[in-house]
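Novice: Residue strings, one per chain:
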Amino acid sequence: MDFTREEEAILRGEEGEGKRKAMELVTALGKIYGAEDLIDITSAHLSGASYKTIGDGGLKYLEDMVAGGAMVSVPSTLNPVGMDRGRWAEMHISPEFAEKQLRIIELYGSMGIKTTCSCTPYTGANVPTLGDHVAWAESSALSFVNSYIGARTNREGGPGALAAAILGKTANYGLHLDENRRPTVVIDADIDGSVFSYSLLGQAVGMAIGGGVPYFKGIDPCVEEAKTLSAAMAASGSVALWHAEGVTPEAGNHDISGLEVIHIGKDELEAAYSKLNTVDDVQLIALGCPHLTEKEMHDIATFLKGKRKVRDDVEIWFCTSAEVRERCPDDVRIMEEFGPVLADTCMVVAPIEGTFERTGTNSAKAGNYLPTLCSQKAMCRDFVKLMEVVM
Amino acid sequence: MILKGRTISGGKAKGEVVKIDEPLSFLGGVDGATGEIRVGNGGNVAGRILVFPKGKGSTVGSFVMYDLMVHGKAPAAVINESAETIVATGAVISSIPMVDRIPTIDIFRDGDVVSVDADEGVVEIEGVELKEAVSSAIMMNDKVLMLKRPDSCRSFPGRWSLVAGKIEAGETPVEAARREIFEETSIDVGTPDAALRPIYVREDAVLWKVHPFLYRTNMAKPVINDENEGFQWASVEDIGGMNTVPETEYAVNELLRK
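Sequences listed follow chains A and B, in order. Read in our numbering, the first sequence has 132 at position 132, and its numbers run on one by one without any break. To convert a position in the second sequence, counted from 1, into our numbering, add 1000.
One chain only, chain B, in its complex shape (with noise of 0.2 angstroms):
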């Protein structure tokens, strides 16, 4: 499974990922001999992929990332969200290949062996599949329709979802949730009311690149079929209370702002 991001500092490295979930100062989050991470679960960047949202604090951080190189400590590669001045400067200095405008390090766990080509802004997560999938969002008198997962469902056992699925081949996103839509419900819509670009999601070894949409409908009464267990009509404040498919209270907030 390959993702395109954008070139920061060239090379190729291959490596296990140590991943950081909040922004990053090189200076006091990372010494600059031994390659041990102060912050965060700790570990260490020496020799492998680190992922971390974005760089702040100190410009001396730079330096930091070249004093880490000296030593023979320094990441594989770095891979941001988004690049600021600090941590680019560094890694251009100190030869670490880094990319950045990866949708979300989300994606990323500890331990994941991933490849990066630098040179062409790519990365690769060994071993996880890219599947596509659309997610909708039904919604009536202020309230979503949610559906109950069984337990014997393959992707997010047990978990609350909008109304899901896989997107066959020569299908747009669109036509998929259509069909899904009226599969799993047996209402029929017509053209979404609103659209978010993908949202990732990992699932082991999956990476769903989901495609949300949102429906407002007056009248609907959801006929499910046997893919789900059980639905509900749901307040939207309520979605953050329920055991969710990950990303639902996000995308159903992102949906109704548009």
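Next comes chain A alone, as it looks inside the complex (with noise of 0.2 angstroms):
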């Protein structure tokens, strides 16, 4: 790879051992994909929050990372953690689950990380514009800053993202390259348009093409729907950047003919909830995944005014972000006679195997980890369905 004298002088550890290790991964993840150089990035945003998914290592590694001094360099912010910081109890975490949890937040502040910690930070606290090289992990947020908002990032894991935060730069590869950002094929959508038929399209390409660049022919998502779409195919394939013709910034750069098109409709749509739905009843019903943004929360307030919820063996969670929860006092009052409104923290990284088996939620990527990362038989259904369980 090629170096410029002032990343020389860090590799040699001239800035510090953190600086010196810090360059050491990005440098190392640069030569896998096959980087030649390091590229300046305005932003990052971290995943690896929850002590659920990043455990005793993580937490020591954070840990050390703090005592030798690391500091980010750009603007950045986190992603959800394990629990509400004020509202855990609730969530029936336990005081020791709770004590690392804000041990781990409180390490990821002190390298000046802004905590608000949301999978949505493109909604406020972190807001990337067209163009801007970034250093995003958290697959969900990722693929929508790159392909609604032309930002550009690649897959970043927790470790390599702080690093690249801490350097200001990251490994020039893959997506930050004009010609990794074309379409690998065209996909003719054929969905009713619901935020929910959104879900279940990412959900079918992920399936019908694993990877690549989809160029989507047929919809018009609004921010709400690109944020699921991008989430859905991200857990049920790996795509990290896809095009809408018409809607996003880069659709229109690039040529699509000769492409592949794939036809998603009723039948694939049907296949990918068949795949969602392994249970017909739930303990805990999840909505937020990603975070509920101000709109969502006040669609939601609107249809339940007035409504009762007729279960108590059934707990409501409501996950969005501090800002958001904040902003919409309102609406809280409502949604709050039906179950907590929780900020920080969402169903995937929360340690709910502890407490549910059965978990329903209207989002296609949590209906993909429910059963992996939380073992829970999963309910994946439009809202409005959802509901319909309770009341």
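Source of the hints: derived by calculation from the structure; they are not laboratory data. Careful, some of the hints might be misleading.
To be verified - Partial pick of chain B residues on the chain A-facing surface, computed with a CB cut under 7 angstroms: (1) G1015; (2) V1060; (3) S1062; (4) V1064; (5) Y1066; (6) T1085; (7) A1088; (8) V1092; (9) S1155; (10) F1156.
Said to hold, decoys possible - Some but not every residue of chain B turned toward chain A, in silico, with C-beta under 8 angstroms: (11) S1009; (12) D1119; (13) V1122.
Ideal placement from N, C-alpha and C gives every residue a C-beta, glycine not left out.
Taking the hints as your guide, dock the two standalone chains into a single complex.
Specialist: Written out as structure tokens, the structure reads:
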């Protein structure tokens, strides 16, 4: 790889051991993917925030990073953690878990990372713009900013994104380069346009293509729909960038003639639906994967207003960021009649497997991860149909 | 004997090999507190040169490697055929020397004493000598000429092989192949019809770096010398069932694909 004089000095350890290690990691990852040099980034978003997922090894790693004086050099945000930091007892979280989780948040904070703990930082805390090079972990968020905003990031892992945040640089390969942002397949989509149909569309596309850069025809997603589509394709496949004709900023840059066309319609959505649904009744309904936006909070509250939850044996969690929760107090008041509006966390990274066995969601992403990461049988339905379970 | 690989995580180490033949997920595959290996033949990674083809599985695996380091149970070094993100990340953050792009992990045996200089990207198996050889598939009417090595042969006694032999000082592989074919079969060949990148085959204290070639001929009557005790024209399918020198079937199939 080609290094600038400044980068070589960092590699020699002239700016301290912490930066040298960060450079060693970014370089190692760059080598694996054939990067020729490093590129400056404008922001980072880090995963590896829940004690449930990183464990004691991860906690010790963060302790050591902080002890070594690590500090990020670009605006950086953090993924959801294993609990709402004020309401963890309502989530059946043990004090031991809570103590370690709070310590993890504190450690990230002391490295200069904004600890809003959300998987949708692009709605407020961390908003890249078209053409920005960034280093983002969190598969749904990085796909959203690549696709809907036109920023440029690879699928970073937690420590890799942290190293990039410390350096303000990441390895220049993959989706940082024009040639890798070209569509690889055309998706001729036939959906009803509901938010849930975008979740199923993403699931079906991930199942059909695995990876690559799909180019959609026939969809017009708003922010919420793009969010759920990104999340679903990153969970059922490994899609990190997609284009939608007439919608996303880079769609018009590309010639799609000659690409394979895959039709996704009723049959494919039904197959996706049955893949995600493995149970008919649930103990928990969790919404907000990825985190609920203000609009979604308002839509939910509008639907719930005047209704009553009749089943006491089913809990409902609404997951969002602390910022969004703060911004819509009226909606929160209505939603709290049905269940807690939780900030900083979600059903996937919280240790729900200690309490529940069957969980409902309207997210294809959660539908994929609830069985594997949380030992749950999953129900994946449209929001209104989920609410019918408890009304 | 020194093999050149690629630096992933710097540092130097020496230790005994513990080898896992399958792609490894540190999460679930290795106990972060004790170093115990929970897959394959078991064993422990602590202080060993951990050899496996590549990483797989959860990204949490990086932190399991860190956990090993914290508990003093980390491997002394990691050798992969091809590095991927999870293990590379774990090795760098845990300061475990790591090298990849070693031709194949088949060249290592459990218990080999190996020195890893990950700063230079090189690996040395102690007491193992590198020897270069050629191995030629002579094809006639879809059959391959196989030679039977006598039991007195120093390498791979009693096995069936292609027309093989050591490269002598000053010879190129193609020259050696032509000479060996003529010496062992009296067949005079021209230029090879196909060649492969070297294949590495471990035989006790010798690591053979073998250059495979393919020659097509219409009419050949082998006259074997005393280096072999017999020959046969075998179909490609038959080779798998014969007691051959390692990698013979693989080499023939790959040569025919060229």
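Novice: If a hint holds in the structure, say so; if it doesn't, say that too.
Specialist: We went through each hint and held it up to the structure:
1. G1015: 21 angstroms, violated
2. V1060: Where the cut-off is 7 angstroms and the nearest Cβ of chain A is about 6 angstroms from V1060 (chain B), the hint holds.
3. S1062: Holds - the Cβ of S1062 (chain B) comes within 7 angstroms of chain A, reaching about 6 angstroms at its closest.
4. V1064: At 6 angstroms from the nearest chain A Cβ, V1064 (chain B) passes the 7 angstroms test, so the hint holds.
5. Y1066: Check passed: Cβ of Y1066 (chain B) comes within 4 angstroms of chain A, closer than 7 angstroms.
6. T1085: With a closest approach of 6 angstroms, the T1085 (chain B) hint holds.
7. A1088: Result: holds, 5 angstroms to nearest chain A Cβ.
8. V1092: 4 angstroms, holds
9. S1155: This interface hint is violated because 36 angstroms lies over the 7 angstroms limit.
10. F1156: 36 angstroms, violated
11. S1009: 6 angstroms, holds
12. D1119: The hint is violated - D1119 (chain B) has no Cβ within 8 angstroms of chain A, the shortest such distance being about 11 angstroms.
13. V1122: 16 angstroms, violated
Going down the numbered hints, you'll see the structure goes against 1, 9, 10, 12 and 13, while the others check out.
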